[in-house]
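Chain by chain, the residues run as shown.
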Amino acid sequence: MLRTAEPTTRTGPDRLARAARRSTHRPPGQPGWLPYAYLLPAFAVYAVFLLYPVLRAANLSLYEWDGLTLGTYVGLDNYVAVVTDPALRAAFGHALVLTLFYAVLPLLIGLLLAAIFHRAKVRGLGFFRSVVFVPQVVAMVVVAVAWRHIYAPDGPLNRALATIGLGGLTRGWLGDYTFALPAVGLVGTWVETGLVTVLLMAGMSRIPPELYESARLDGAGAVREFFAITLPAVRGEITVALTLTIIAALKTFDLVYVTTRGGPGDATSVPSYEVYRRAFMIGEVGSAAAVAVTLTVVIFLVNLVVTRLGDRETA
Amino acid sequence: MRISRGERLANYVILCAFALFALWPILTILVLAVGPDDSAASPEQGTGFLGLHPENFVNAWNVGRFGPAMLASVAVSTFVVTTATVLSIMSGYAFGTMRFRGQNALFYTFLVGLMVPTEAIVVPLYFDLRSVGLTDTFWAIALPQVAQSVAFGTFWMRAYFRTSSLALVEAARLDGAGSWRVLWLILVPIGRPAIVTLVVLTFLWTWNEFLIPLVMATSEHLRTAPLGLAFFQGQYTTGFTLLAAGAVIVAAPVLVVYIVLQRHVIRGMLEGAVRE
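Note that the protein sequences, when read in sequence, are chains A and B.
Under the numbering used here, the first sequence has 137 at position 21, and the numbering climbs by one with no breaks.
Under the numbering used here, the second sequence has 234 at position 209, and the numbering climbs by one with no breaks.
Just so you know, the hints here were simulated from the structure itself, not pulled from any lab data.
These figures come from a predicted structure and were not determined experimentally.
No residue lacks a Cβ here, since even glycine has one placed at the ideal position from N, Cα and C.
Please note that a few of the clues may not be correct.
Chain A is nowhere near these chain B residues, computed Cβ spacing over 10 angstroms in every case [said to hold, decoys possible]:
1. Leu48
2. Ile54
3. Leu57
4. Pro79
5. Glu80
6. Trp86
7. Asn87
8. Leu96
9. Arg124
10. Tyr133
11. Ala184
12. Thr188
13. Pro218
14. Glu245
15. Thr263
Some chain A residues judged to face chain B by a derived CB distance under 7 angstroms, without partners named [unchecked claim]:
16. Pro151
17. Val161
18. Val257
19. Ala408
20. Leu411
21. Thr412
22. Val414
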């Protein structure tokens, strides 16, 4: 019934195929509203608790509102502040730094490790895969508690430094204006490296061995082999890894909340934490919404740009 | 292969070093949790059982009030996983096996939800739910997470239903089975691997979720386990042993599920990541 508007001038086999498909999808006696009935419960929850709130966030971001009294319409002022307010610029800048630690560093380490294991065909990779994936499944709060202890002034890291004669370097890492952000970032590196490595290993295992055979006949060494064959073959996996890890960096919240609360000063403030702080601690709901919407747009753009770049290079 | 013994050995060293690096923070926590209690206020402990102190977990459970927090987490996770799975199976069935007007537009609408960060929905949700008196309720914590899980679940189950055997469905329909019976009596039982993966992933995400309960739960009985741990960390400053024990308590259910169903977790995370 829904499909009668389609042109009927198709050639024989095609039409037969369509007719056959139609019969599988719409058996006689199945009413046209049936698909919508199956969709309705999921869509209702999704619309009320996800779609509508996103639109509401966009709406709230146009107001100056403390969450209690009547708000005032301010147009795009809150978005202008995202660019001009030093505190917000700092937060987005920190997110960019975190991206290096969450995405770039794990990608480099992951490529190196995956290439090594791919070449040598070592045993026990299944067990290894399970082990390095553990940081992905444990709650970020648990991870943060563990690393807070490691970074503590009298914690394992400083004790280890003192033991190997680098006692001069010891400090309260998370309370240090210079080192707090890299310290938080390295936790991200720890969390993401396993995922990236496993992803790349899966990609490399799909490369046909013949490719390497011919390269070796041409006398290519391990390094040339990597750049000529392995790297181009895992472009798709690199794209996925970058998308996942960049977005994880941009969404950092639990880790900062538990380890530093954005401090010292605003040395580790990040967009997500600014959203929380502005909306629920200092009563700047409109500004919080603007930061949240900006963050959402950035995440969409990252998805789009990274995927596009990956597609173009493979094409 | 022209891989020398030396290179092979070096590879095993790198493999072990990296595995150790991945486990080290978690092992640190585990070792400290069963070590002697370091808080000055604690009563004198004996040498313990084989030098271990499993009583730390009991103390942490009581001092950190993890009982109610674990209960809240179990309740929220059970509800979110069950509801989201059933709704996703139904919506995935529609998208994967039926044709209807607006199909693509609706599907892309669900896909958008995969990218929306929690930060963007939690602010308006808090103030809107407050105006109808629903903040600080079970529903305020659970339903937004059902919505997020349904976005992924629809995408995941659609992929399964698209590959499901049409011949089998056809045969069942010729036998007079309606679409509802075909779904629950044929496709769902066959699709167990895909559904188990979805259930496991949804459980992990829900159990570990932090921001939504942080914003929505003010009364203590609604605080989920990660939230309980974060609060315990803020209040308990006399030592680290009980905090470590608390961290182990919060991580334990997820680790057990992971150890039993790791294939599902890894496969799901890798495949779910590779959209379309």
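Hint check results:
1. Leu48: 6 angstroms, violated
2. Ile54: Nearest chain A Cβ is 5 angstroms from Ile54 (chain B), so the label is violated.
3. Leu57: 8 angstroms, violated
4. Pro79: Nearest chain A Cβ is 19 angstroms from Pro79 (chain B), so the label holds.
5. Glu80: Correct as stated: the minimum Cβ-Cβ distance to chain A is 20 angstroms, above 10 angstroms.
6. Trp86: 16 angstroms, holds
7. Asn87: Non-interface label on Asn87 (chain B) holds, nearest chain A Cβ at 18 angstroms vs cutoff 10 angstroms.
8. Leu96: Given a closest Cβ separation of 17 angstroms, the condition holds.
9. Arg124: Given that some Cβ of chain A is not farther than 10 angstroms from that of Arg124 (chain B), nearest at about 5 angstroms, it is violated.
10. Tyr133: Holds, since 12 angstroms exceeds 10 angstroms.
11. Ala184: Holds: least Cβ distance 15 angstroms, greater than 10 angstroms.
12. Thr188: The claim holds: Thr188 (chain B) sits with its nearest Cβ about 14 angstroms from chain A, beyond 10 angstroms.
13. Pro218: The claim stands: Pro218 (chain B) keeps its Cβ more than 10 angstroms from every Cβ of chain A (closest is about 18 angstroms).
14. Glu245: Its Cβ never comes within 10 angstroms of chain A, the nearest being 17 angstroms, so this holds.
15. Thr263: 14 angstroms, holds
16. Pro151: 4 angstroms, holds
17. Val161: The hint holds - Val161 (chain A) has a Cβ within 7 angstroms of chain B, the shortest such distance being about 5 angstroms.
18. Val257: Holds, because the Cβ-Cβ distance from Val257 (chain A) to chain B comes to roughly 4 angstroms (cut-off 7 angstroms).
19. Ala408: 4 angstroms, holds
20. Leu411: Status holds, d = 6 angstroms.
21. Thr412: At 5 angstroms from the nearest chain B Cβ, Thr412 (chain A) passes the 7 angstroms test, so the hint holds.
22. Val414: 9 angstroms, violated
Of the hints listed earlier, those the structure fails to meet are numbers 1, 2, 3, 9 and 22, in rising order.
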